[in-house]
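**Student:** Protein chains in written order, with this note's numbering: chain A, 199 to 600; chain B, 199 to 600.
For the record, the hints were derived by calculation from the structure and aren't laboratory data. Each hint should be verified, as a subset may be incorrect.
Identical copies carry no separate label here, and so any pair may be met within one copy or between two of them.
[To be verified] Each computed DMTMM-like pair below joins lysine to aspartate or glutamate, with the alpha-carbon atoms no more than 20 Å apart:
1. 211 to 253
2. 313 to 299
3. 211 to 238
4. 479 to 560
5. 479 to 225
6. 526 to 476
7. 466 to 517
8. 553 to 308
9. 453 to 529
10. 453 to 485
11. 224 to 517
2 protein chains.
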Amino acid sequence: MKFGGTSVADPEKILRAAERAVRARKEGSDVVVVVSAPGEMTDELIALAQRVSQEPDAREMDVLLATGEQMSIALFAMACRSLGCPAVSLTGPQAGIHADDRHTRSRILEIRPQKIFSELRAGRICVVAGFQAVNPNSDVTTLGRGGSDLSAVALAAVLRASGCEIFTDVKGVYTADPRIVPDARKIASLSYEEMLELAGAGAQVMQARSIDLAHRYGVRIHVRSAFHPVAGTWIEKAEEKRMEDATVSSLALDKGEVRLTLVEVPDKPGIAARVLTELAKKEIAVDMIVQSAPTQAGVNDISLMTPRATSEAARATLEALARRIGAKRVDITEQVAKVTVVGTGFRRHAGIAAKMFGTLADAGINIHMITTSDLKLCCIVDARHAESALRALHKAFKLGRR
Amino acid sequence: MKFGGTSVADPEKILRAAERAVRARKEGSDVVVVVSAPGEMTDELIALAQRVSQEPDAREMDVLLATGEQMSIALFAMACRSLGCPAVSLTGPQAGIHADDRHTRSRILEIRPQKIFSELRAGRICVVAGFQAVNPNSDVTTLGRGGSDLSAVALAAVLRASGCEIFTDVKGVYTADPRIVPDARKIASLSYEEMLELAGAGAQVMQARSIDLAHRYGVRIHVRSAFHPVAGTWIEKAEEKRMEDATVSSLALDKGEVRLTLVEVPDKPGIAARVLTELAKKEIAVDMIVQSAPTQAGVNDISLMTPRATSEAARATLEALARRIGAKRVDITEQVAKVTVVGTGFRRHAGIAAKMFGTLADAGINIHMITTSDLKLCCIVDARHAESALRALHKAFKLGRR
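Chain A with its partners taken away, still in its complex shape (with noise of 0.2 Å):
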């Protein structure tokens, strides 16, 4: 049982959700929660760290940002306590849980779970501390975004689990934002597949990392709410009988991301290969990258997505690049948004991908970059046109309530 940063902000919701793991262990279960830190206080912990250091050692920042999911573990499992229940906090080290030596964003090698075993047999709930890990330098390190989730899945995959809850403050995966989409749907049960697909396209849910981590492992993963007591969305593998059908499982919209534009380039081979080369040199991810035929004169344009965050970095990296290659210039368009179909089974069925073209161009909205794949279509269009695209498509695939 996992439990986010808003599930354990404060002793109340603290109290909440150690009831629901108590209630877990009282119907039979062994039960190993995972604690992200509370609130905002990894936020908060990093502003710290810079009024004492314009750049904070990794190393140090990890021994600060670990006393986050430090409090969050004491503070549960006194609450396990005081509802009557046996219950033992451990940190991410003494979880045995070890990872490499890349402060602030390692990677899990392995988990010894033998203390974990013990006090399981004992009787006792484990209350362990998401996002850390001890390195072979036997110091604390954290696995960087998404660790918890992380942490909860690499665990119940060493523990055979039956399986892994993701408490969190939705009640589980929708066809679309139901901010968006008033008559949007829960759904009951998703391939890891189709959860990495919405996890790239921006659906804020879980981490693609985490959900990698359960497919390789068979975890099967439940997504559902801290606050509510209804059942949310399972994770887990496709079932035979739909692997046949072209289904619409789900919507996602991205705002994050912008569009670059390598306008005017010398149409040559290579040119694509050597754009993605220079971006992953400097660590910048590129969503989407598409190459426009040549025109008569023998030029062609190049345009790719890439984070808001890492936008400046990849423009001067592009700009780089067009002068030695003789591009004309770099376009930048800020105001675009991604939008996502996300199912399985499209290559097969052409109808998908036309019917989201025709619905889009039915509502009068532009498209200005496609990517297909079998498990998913994805359409830039302008960002004011994002959620009447969301809302035309939620209807044309009839993902609404029924």
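Following the hints, position chain B against chain A.
**Tutor:** Chain B in isolation, oriented as in the chain A frame:
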């Protein structure tokens, strides 16, 4: 170098404290810093715990409390680095401080300083979390009140440091509290014995526990200001030449205790011992105990001083005892103060005691109880006379600025 909570209360103060450590390092010393939790954090964490549990589990309380010092060490090490000096943070367990398993009030068993020595050899300042240690179960534990001073003194002993600097919000130890006695003077040097008596007499500077440890291991302590770069007070072995004199070093005032009197106790041998035994069973501290001479009716009064925090428990214990031994009643006097003269050679020089009692009599101040030893003279007076008693004695013993 030990910095208390007020010296690391915010990033700016941490930077100022780090400057002191970096300067000492650059002047050629190997430096080990011990820090407390920032400001009021320990109290805030205890309040949080009490919101999730009426009786927070002691092991989990220690996991929670240890986060305070862990924050301080990370920020302090970052600050040293940002000032251009390599530094590394070490939790109590990482620093090799081993203690027993009495959670929230552990005693240090052993320090294994290998890690600290290797970091010092590498030229780094070691920033160690005070107040915390690892217990035989590999869990973090805390050392109780004054624990950070204790960590500092214990490390200084094991590392054979040339001194243990206790940085605090006062400039040193004074001949009396300067808020009450304006011409009080900072004392350059005090013996361990005198400092122990002062601590017992209510001086807030350091707890008896740490001074006692420093005494046993011959650790020279320098109590000094975290904010002003002036010399403070050294606490060290008494010099021979002073041992033969009778000197008054300092005065202390304590309003934190109350007086309890068992009235009209039948005069039998062993009653005072029985009083002390009953209170000790309940872990109630007794500071002074005075038995009056028996009256003609064969009864006498037994008075004792006990900390205000335990006065109700002490009263209940004494009332139960009064019924069993046939004492008339138990009186409690809240509005009392303990005035103590600390120095050396008092037994050999009765004039000191005579001057104390005479000075108070001249000032019209009634003395309720007296205890004497070679190192201190204590009088209990009405609380309303406390400050004037202190000023009169400070003048009589010529302790002011010369």
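**Student:** Hint by hint, note whether the structure agrees.
**Tutor:** Do the hints match the structure? See the list:
For a Cα distance limit of 20 Å, the shortest separation of residue 211 from residue 253 across copies, 18 Å, qualifies, whereas the shortest one inside one copy, 34 Å, does not. Taking the shortest Cα distances, residue 313 and residue 299 sit within 20 Å of each other only across copies (18 Å), while inside one copy they are farther apart (22 Å). For the identical chains of this complex, residue 211 and residue 238 are intra-copy neighbours only, at 14 Å inside a copy versus 23 Å across copies, given an alpha-carbon limit of 20 Å. For a Cα distance limit of 20 Å, the shortest separation of residue 479 from residue 560 qualifies neither inside one copy, at 41 Å, nor across copies, at 86 Å.
For the homomeric pair residue 479 and residue 225, neither the shortest alpha-carbon distance inside one copy (52 Å) nor that between copies (43 Å) is at most 20 Å. In this assembly of identical chains, residue 526 and residue 476 lie within 20 Å of each other by CA distance solely inside one copy; the values are 18 Å within and 93 Å between copies. In this assembly of identical chains, the alpha carbons of residue 466 and residue 517 lie at most 20 Å apart only when taken from the same copy (18 Å versus 100 Å across copies). Taking CA atoms no more than 20 Å apart as the test, residue 553 paired with residue 308 passes in neither setting, with 46 Å inside one copy and 74 Å between copies.
Taking the closest pair of Cα atoms, residue 453 and residue 529 come within 20 Å of each other only inside a single copy of the chain (18 Å); across copies the shortest separation is 75 Å, beyond that limit. In the homo-oligomer, the alpha carbons of residue 453 and residue 485 lie at most 20 Å apart inside one protomer (13 Å), although the nearest pairing across protomers, at 70 Å, exceeds that limit. Neither within a single protomer nor between protomers do residue 224 and residue 517 lie at most 20 Å apart by alpha-carbon distance, with minima of 62 Å and 46 Å respectively.
Against the hints set out earlier in the document, violations occur for numbers 4, 5, 8 and 11.
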